[in-house]
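Visitor: In case you want the letters, here they are:
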Amino acid sequence: MMNVALAKAEPERALSDVFTVARDRLPGDGKVGEFRRQALESYERMGLPHRRIEDWKYTDLRVLMREVLPPAVEPDAAALKHGAAALKLHAIAGVRRLVLVDGVLAPKLSETANLEQGLRIRTLREVLEGADAALQAELLAPDISNPMVALNGAMMADGVIIDVADGASLSQPLHIVHIAGGARPAAMFTRSLLKLGSNASATLVESYIAGEGAKAYQVHDSLIVSIGDGARLDHVRLVEDSREAFNISSSLVTLGAKAHFNTFGLTSGPNVSRYQAVIAFAGEGSQVHANGVNLLNGRQHADSTLLLDHAVPNCQSREIFRSVVDDRGHSVFQGRIIVRPDAQKTDAKMMTRALLLSDEAEADNKPELEIFADDVTCGHGATTGALDESLLFYLRARGLSEKEAQALLIQAFVGEAIESIASDALRDLVISAARRWLGARG
Amino acid sequence: MPLLEVKNLQVRVDEREILHGLSLTVNKGEVHAIMGPNGSGKSTLSHVIAGKPGYEVTGGEILFEGEDLLEMSPDARAAKGVFLAFQYPVEIPGVATMTFLRTALNAQRKARGQSEFSTPDFLKKVREVAARLNIPQDMLRRGVNVGFSGGEKKRNEILQMALFEPSLCILDEMDSGLDIDALRIAADGVNALRSPDRAIVVITHYQRLLNYIVPDFVHVMSRGRVVKSGDKQLALDLEASGYAQFEDAA
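Those sequence lines, one after another, are chains F and E.
Going by numbering that gives the first Met the number 0, the first sequence opens with residue 0, and the numbers climb by one from there.
Going by numbering that gives the first Met the number 0, the second sequence opens with residue 0, and the numbers climb by one from there.
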């Protein structure tokens, strides 16, 4: 017992020391400083989440991550150089790049000038140190009862704050790139915010990648999104961190009335990842597509935990999730749908399928429907299986090698989750990321 | 050298012997028909030649152009020129027929050390073959065999055969589930592929198909062996007398 207590307490104590030291360097004081203190307290009360907490039962961070690393230092010239090189490999044509290296906005790699009409971009540091109390309040809104959200709130160092004015329709997608540039194992704490005014529309791509030499780092990120009435956001996350990295990310999304949110996430890179998204309907007549794909091998662990909160009537949500797991990989999908008493005429569907490529691969699926309204259409389904031998033989009899045949069937398997991505360019982006994973299988 | 030599082949499935010493020799330019009642081992023979897993070869050998076919993976056999038109072609949702055809053709070419087809050349070739087989373009955009009728699935098999240009074509019960018009289109497609450089083996239960694809040789299988071989007259005799005589002989 003694040992267990020590093992549990030590990293936390270290963290609070780190926080005490880092506090002066972290942006914001007054209300922000007070918030950080409360968030840290909240985190320390709980510590790293573990399997006895229902929401984390498949993703025990005390076992998988063990400790929170000290915060990354501001990137030096070498880190920025590695960052720039990594960026080239993952560059997307025609986007506006906003690049965070080691958790800090890198102005030289980012395009923050010559903004189109209706677009405003600031850094988290700027906003936390500035005087816009209302905006600060939005940044401090996420619920600190979730330990990893609390930790992120206590330690957030930088991020991107994006405003899209009412009626503005951005012609250029925004691309937030999180790059680990430093060779020293460290944790990056970032928080970003995107506000879409009413009848505005935007596309946001988020990439998580590693520079050369960056290995066992930790990403602690959060994204706060508000989508105004009649607005539309297309969102793609590509989590291609290094194979030794940890990525703990949270999204908090609120939709107004007649709004659209189309989000897709692909996780293929990190050693351990958890993506937790809370998507809340606050206005009637809105629609959400929340899809995702996990591509895992080796001993990778990836957890996607989504909460769709139908609080108002007449909204529609669709979730399609696919996981492909090889070797001793472990994929987790937890999908919770809450239909609150007022949310009549809710139409919510969730479908998750796992493809296991080895005997030791694992996929856990936990759907939870909490329905408090009576006039609703809700459904969920789940399947787990291996590749169909008869299909494999057919393809091989036509000349495809075993790996080629598998790759074609895997692409078909994940295809349904990718289909709903709105633009061809984004879909191609996801397909090339999936091909990178398939290619690396050999 | 014969194209295909099956010598004294013995095959088991789940501990049960299905083929008990089957021999067959096929030369380029020939069309062979293998007939026989249900359960005589016709489909097993075609599966073993194509390399389907689940069959245990306990004796004998299969030589393809003098090489040991049983040592090769199914994809290596395809690249060498072995093609099996499936009795029940599978449906592959999410894989567009065009993508599948191009991937397969280029995989075979790559294995043979040939350059891959360029997209325009490939498209031209597929369109030409598809038109000949009465296959509409929209079928090629759909998932492989997804929502295809029985006749369309069989035509899709023949389309592949025409595209891949194999030296050995084995047609497993090509006529099953086809009405007379579909059968005629499929048979015309096969006849167009008759060539001095290619052998065709037609496996069928019924003589009917052989009115459309006229064989040079007919073999009757019963209980895991070839019990009688002859020319096309043998098929007509069978139509009159049935398989029962061979059941006893075997």
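Check the hints yourself; a few may be wrong.
[What the hints assert, rightly or not] Simulated pairs of lysine-lysine, BS3-like, Cα-Cα distance not exceeding 25 angstroms:
#: 1; chain 1: E; residue 1: K51; chain 2: E; residue 2: K123
#: 2; chain 1: E; residue 1: K124; chain 2: E; residue 2: K51
#: 3; chain 1: E; residue 1: K123; chain 2: E; residue 2: K109
#: 4; chain 1: F; residue 1: K87; chain 2: F; residue 2: K257
#: 5; chain 1: F; residue 1: K80; chain 2: F; residue 2: K257
#: 6; chain 1: F; residue 1: K402; chain 2: E; residue 2: K123
#: 7; chain 1: F; residue 1: K402; chain 2: E; residue 2: K27
#: 8; chain 1: E; residue 1: K27; chain 2: E; residue 2: K51
#: 9; chain 1: F; residue 1: K402; chain 2: E; residue 2: K109
No lab work stands behind these hints, which were simulated from the structure alone.
Visitor: Indicate, hint by hint, whether the structure satisfies it.
Guide: Hint-by-hint comparison with the structure:
1. Between E:K51 and E:K123 the CA atoms are separated by roughly 32 angstroms; this puts the pair beyond 25 angstroms, and the hint is violated.
2. For the suggested pair E:K124 and E:K51, the alpha carbons sit about 29 angstroms apart, so the restraint of at most 25 angstroms is broken.
3. At roughly 20 angstroms between alpha-carbon atoms, E:K123 and E:K109 fall within 25 angstroms of each other, so this suggested pair holds.
4. Of the pairs offered as hints, the one joining F:K87 and F:K257 is violated, with about 38 angstroms between alpha carbons and a cut-off of 25 angstroms exceeded.
5. Taking the CA atoms of F:K80 and F:K257, the gap is near 44 angstroms; set against the 25 angstroms cutoff, the hint is violated.
6. For a cut-off of 25 angstroms, the pair hint linking F:K402 to E:K123 is broken: about 28 angstroms separates their Cα positions.
7. The hinted pair formed by F:K402 and E:K27 fails the criterion: a straight-line CA distance of about 32 angstroms is larger than 25 angstroms.
8. Taking the CA atoms of E:K27 and E:K51, the gap is about 24 angstroms. The hint holds against a cut of 25 angstroms.
9. Distance hint between F:K402 and E:K109 is fulfilled; the C-alpha atoms sit about 15 angstroms from each other, no more than 25 angstroms.
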